[in-house]
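Construct all of the structure, not just a fragment, from the sequences and the given hints.
Protein sequence lines, in the order shown, are assigned to chains C, B and U.
Residue numbers for the first sequence follow the working numbering, beginning at 224 and rising by one.
Residue numbers for the second sequence follow the working numbering, beginning at 5 and rising by one.
Residue numbers for the third sequence follow the working numbering, beginning at 2 and rising by one.
Treat the hints as calculated values from the structure; they're not laboratory data.
Take the hints with a grain of salt, since some may be wrong.
Distance condition first, Cα-Cα at most 30 Å in a straight line; then the derived BS3-like pairs of lysine-lysine [stated by the list, open to error]:
1) C:K631 / U:K80
2) U:K78 / C:K351
3) C:K398 / C:K570
4) C:K631 / U:K78
5) C:K598 / B:K132
6) C:K348 / C:K398
7) U:K31 / C:K300
8) U:K78 / B:K268
9) C:K451 / C:K530
10) U:K31 / C:K351
11) C:K349 / C:K410
12) B:K268 / C:K522
13) C:K366 / C:K422
14) B:K268 / C:K410
15) C:K570 / C:K530
16) C:K493 / B:K132
17) U:K78 / C:K348
18) C:K530 / C:K631
19) U:K156 / C:K327
20) C:K493 / C:K478
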Amino acid sequence: MTSMTRRTFLAATGATAGAMATQGMFPAVLRAQGEPIRIGCPLPLTGPFAALAADMQRGAQLAQDELNAKGGVTGRKVEVLFRDDELKPAVGAQRTKELIENQKCQFIVGGLAAHVQMAINEQTKKSKVLFISTSQSDEISAKPDTSPITFHEALNPTITSRVMGTWTAQNLGKKWWIIYADYAWGKQNNAVLQDTITKLGGTVLGATPYPLGSAEFSAHLPKIQAAKPEVLMSVTPGADNIAFLKQARSFGMDKTMKLAQPLLWISYLKEGGPELYADIYGSINWYWELQDTIPSAKKFVEASMKKFNIPPGDYGAYSYSGVLEVARGVELAKSTDSEAVANALRKNPVYDHYKGKEWWRPCDNKAMQDMWIVKGRGPGKTKGDWGLMDIVTKIAADEKYDRTCAEKGLA
Amino acid sequence: MDVSLAAILPQIFTGLVLGMLFVLLAIGLSLIFGLMTVVNFSHGALYMLGAYCTVFLLGFTRNFWVALVIAPLMIGTFGLLIERFLIRRLYGRSPDDPLLLTFGLSLVLVEAAKLIWGKIGLTLDPPKELGGALNLGFMAFPAYRLFVIAVTIAVLIALWAFLTRTNVGLIIRAGSRDPLMVRALGIDLNRIWLLVFGIGCALAGLAGALAGPMRGAYAEMGVTMVIESFVVIVVGGMGSLLGAVVAGLLMGQVVGMTTLFAPKLAEIMVFVVMALVLLVRPSGIFGEAGLAE
Amino acid sequence: MAALSAFVNRHQVIAFGAFFAVFPFLMPYKALASQVLIFGLFALGFNLLYGYTGLLSFGHAAYYGLGAYGTGLALAKLKVGSIWLGLAAGPALAVLGGAAIGFFCLRRRGIYFAMLTLAFAQLLYFIAFHLADVTGGDDGLRGIPLLPIHLFGWKIDLEGSLAFYYFSFVIVWLAVAVLKRILDSPFGAVLQAIRENGDRASACGYDVNRVKHLSFVFSAFFAGLAGGLDALRLAVVPVESLYWVTSGQVVIMTLLGGAGTFFGPFVGAGTYLVLGDRLAVFTERWPLVIGLIFMAFVLFLPKGIWGTLVDRLPHRQAAGVKP
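Structure representation (structure tokens):
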């Protein structure tokens with residue numbers, strides 16, 4: 224739908240130029256004339272990941288405000304339109320269609336659940352619309368799902384589990400038990416964790432799948448206790464994470480082994496509380512206390528505190544960066560044609576919006592980025608409402624953590 | 005299979021806890037179905053509300069024991085209102101209609117819960133006295149779960165006493181055997197049905213209140229429980245209370261053991277058992293042939 | 002008014018065609034029109050079993066899902082080169098599933114039947130979830146190509162929303178015509194007789210079980226065809242297609258529209274989907290509104306929108322099927 228014809232492109236720039244000429248005296252905000260640039264953002268506002276989606280929404284809104292305060296992008300206002308995908312692929316696909324067809328969105332940034340973003344991606348590929356995915360998934364940047372206009376901002380199971388797995392093996396212990404949610408994300412993490420620890424000379428005493436969303440872990444825990452691992456790696460997303468930690472602690476497992484997980488989500492630390500998350504290890508793409516050391520982080524955090532009185536979290540950071548990258552691509556390409564923007568981003572892959580240098584890997588449009596190992600702060604050690612984690616160490620961005628392009632089917 | 009005895013015994017206990025929740029839900033469903041031939045699809049939503057009410061009351065009174073007693077009563081009262089103002093309108097109509105109505109009700113209640121208490125869910129902690137793990141020698145088992153088992157057994161005994169030793173209990177049992185005859189004897193069945201619906205809902209609320217500290221309270225928590233509870237009463241025999249107890253405990257063990265030996269099949273097992281029972285002994289283990297066929 | 006409703010009553014299939022030919026232009030966006038058409042077909046299948054035969058199935062997502070996976074697997078995995086073959090594979094698989102599951106479920110009646118259908122649907126859901134190598138698991142079956150159709154030497158590309166709509170429209174229209182044939186036939190009369198009083202129908206000498214089973218299979222066919230079309234529309238088959246929520250949706254749609262009426266399923270599908278789509282833009286709590294509306298209908302308007310309209314509007318009662 225959105226491949227701009229030469230005529231419409233010229234018309235748009237012509238209108239903008241004319242508007243700017245006549246209103247040269249007016250403030251930047253009024254100069255953003257012409258058709259706005261619309262970015263559609265499907266996300267699971269209802270459902271178990273609603274907290275993460277709310278964070279994502281805030282991040283995108285911050286980006287939108289920032290861009291418009293500067294006068295928009297190529298002189299045009301930026302509008303981000305949010306739609307609830309209800310964590311369901313069919314709904315995500317339908318809402319994406321509505322955003323593209325009805326609302327005339329030229330770009331899509333969003334998706335939180337892996338299976339939903341796949342469905343979104345099928346629609347954006349069909350309509351030839353640039354899609355920056357903010358969901359954790361291994362497949363989105365690989366064949367057959369990826370495309371020249373599919374970009375992946377978020378981390379993926381391969382990267383997170385390789386990073387967390389390596390650090391855990393080196394610092395917490397080499398005899399593991401893994402418990403993982405029995406669906407795509409969980410299985411991918413499990414596979415990578417097992418691969419990582421075995422290559423480092425450790426052992427996996429056992430790996431237990433459990434049905435996603437079923438908060439009944441007590442059926443599995445006695446068996447794990449009996450095996451006496453050094454580290455219990457849990458791949459338990461969303462609300463499962465809290466239920467799991469509760470039950471593991473009630474069985475006394477925190478006293479006999481170290482508890483670690485590939486990712487820690489601040490929204491759930493907030494909900495679960497410091498008693499639950501004390502000394503739980505995980506990795507993260509972003510934590511607001513990074514503002515102490517990184518200037519772009521400070522700017523990002525201040526903007527969020529000013530507008531929402533909540534510091535941005537991991538998914539807010541992804542969507543913030545995604546929207547800003549769309550804008551950057553449009554500025555570079557001087558066009559809202561998705562293919563042109565995609566090429567422009569690949570030609571100028573380096574960016575830094577909130578945590579330091581990131582770059583798009585050219586073969587698979589994957590964002591390479593720094594990560595941090597973090598640990599939950601116990602009760603009494605937290606700082607304010609959101610100072611819930613200690614930063615243990617930084618893991619610098621490195622393409623070796625992800626699969627190679629050849630492994631993904633892209634040479 | 006690499007499973008040791010040390011893992012099996014605790015698993016049996018775990019299956020027992022799960023079974024107890026199933027029993028509470030299944031008995032409620034069975035009472036209602038046996039007497040009124042109404043399938044209450046909103047049972048899962050009431051279970052969920054039981055958990056949320058407990059959180060709410062806990063915040064109010066700071067006393068877990070009080071919350072545990074009052075929450076089921078609140079849900080039971082809510083059940084009375086549902087019967088009186090919603091279900092009663094459907095008597096005399098197609099037997100599918102109460103199922104449809106309560107299905108709609110369950111959607112409404114789940115959304116209402118999200119509206120009132122937020123989308124994320126709330127955490128609920130057991131009281132300090134029950135917080136630790138009891139060392140049973142061969143394993144450390146969470147004290148709170150043993151508490152759940154104890155409470156359920158106590159409630160079942162009380163219910164059994166009520167049904168077999170009191171006049172009202174007698175009427176309820178007679179009413180599910182032969183409603184026409186009971187009416188002919190001049191007994192106001194409407195009041196009895198109201199009471200039974202309320203009791204059934206209160207039991208669901210109790211199950212939710214007990215489950216809360218184990219799993220937290222979140223809006224979708226009743227969704228799979230209600231389907232599994234239906235399976236339990238179909239296996240046990242719809243309308244049979246003994247069947248509800250036996251099947252509930254059986255299903256708890258099925259889930260527990262499958263989780264131990266073949267985790268991937270755990271979700272499916274429940275349905276496989278149901279399909280088998282329905283093919284081999286259609287009215288369920290303790291059900292009576294001809295009921296609602 | 003009376004003349005119009007008489008016309009609609011007597012020429013149901015033509016009226017359907019006329020309305021849905023212009024339908025996309027009445028919708029906020031074209032893709033929504035396709036969704037209404039497809040779910041209307043799904044509800045049509047369900048209505049055959051519930052509204053006309055009197056059997057409440059709470060697991061109809063199974064046949065919709067089997068249809069979607071059938072078409073999806075044929076086109077994405079087996080790579081059959083023709084869209085027609087791919088589309089045919091869907092209802093074919095659904096019919097097989099319907100025949101098997103129907104055989105088991107029909108051994109019981111009433112509520113048992115409903116719960117059994119739900120159980121089998123959940124069983125299929127979990128199987129599809131875990132057979133990830135075949136079905137894509139919870140990531141869904143992706144990469145379903147929307148192949149162009151070749152008609153009279155022309156190649157027609159179906160990628161555009163309007164083109165796809167009219168493609169689906171022709172197929173759904175044919176299905177509606179087939180349903181009309183079924184309902185108008187002696188078989189259709191027996192179905193309704195069974196709904197009214199199964200024992201009496203049996204006493205009249207009809208093989209009630211066989212008729213019910215056949216109805217089940219036909220119902221699965223329509224649901225499967227809808228699933229197949231949806232697989233083409235979404236380019237993915239999400240595993241939720243088999244989930245009980247999908248079964249619940251088709252129940253709500255049919256009841257809302259009017260069970261046991263010819264147009265009811267489409268009216269219900271349209272109302273449910275358009276309402277849901279438009280409400281969702283304003284509030285996250287739209288399922289609450291729909292749930293309340295549904296409950297109100299069960300209590301006060303059990304005939305549904307179209308059913309109630311048909312009762313109120315003046316018309317001459319034509320022999321055969323209710324509008």
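Status of the hints after comparison with the structure:
{"no.": "1", "hint": "C:K631 / U:K80", "result": "holds, 22 Å"}
{"no.": "2", "hint": "U:K78 / C:K351", "result": "holds, 24 Å"}
{"no.": "3", "hint": "C:K398 / C:K570", "result": "violated, 45 Å"}
{"no.": "4", "hint": "C:K631 / U:K78", "result": "holds, 19 Å"}
{"no.": "5", "hint": "C:K598 / B:K132", "result": "holds, 26 Å"}
{"no.": "6", "hint": "C:K348 / C:K398", "result": "violated, 44 Å"}
{"no.": "7", "hint": "U:K31 / C:K300", "result": "holds, 27 Å"}
{"no.": "8", "hint": "U:K78 / B:K268", "result": "holds, 24 Å"}
{"no.": "9", "hint": "C:K451 / C:K530", "result": "violated, 48 Å"}
{"no.": "10", "hint": "U:K31 / C:K351", "result": "holds, 18 Å"}
{"no.": "11", "hint": "C:K349 / C:K410", "result": "holds, 29 Å"}
{"no.": "12", "hint": "B:K268 / C:K522", "result": "violated, 47 Å"}
{"no.": "13", "hint": "C:K366 / C:K422", "result": "holds, 26 Å"}
{"no.": "14", "hint": "B:K268 / C:K410", "result": "holds, 12 Å"}
{"no.": "15", "hint": "C:K570 / C:K530", "result": "violated, 34 Å"}
{"no.": "16", "hint": "C:K493 / B:K132", "result": "holds, 21 Å"}
{"no.": "17", "hint": "U:K78 / C:K348", "result": "holds, 19 Å"}
{"no.": "18", "hint": "C:K530 / C:K631", "result": "violated, 40 Å"}
{"no.": "19", "hint": "U:K156 / C:K327", "result": "holds, 28 Å"}
{"no.": "20", "hint": "C:K493 / C:K478", "result": "holds, 22 Å"}
Checked against the numbered hints given earlier, this structure breaks hints 3, 6, 9, 12, 15, 18; the rest are met.
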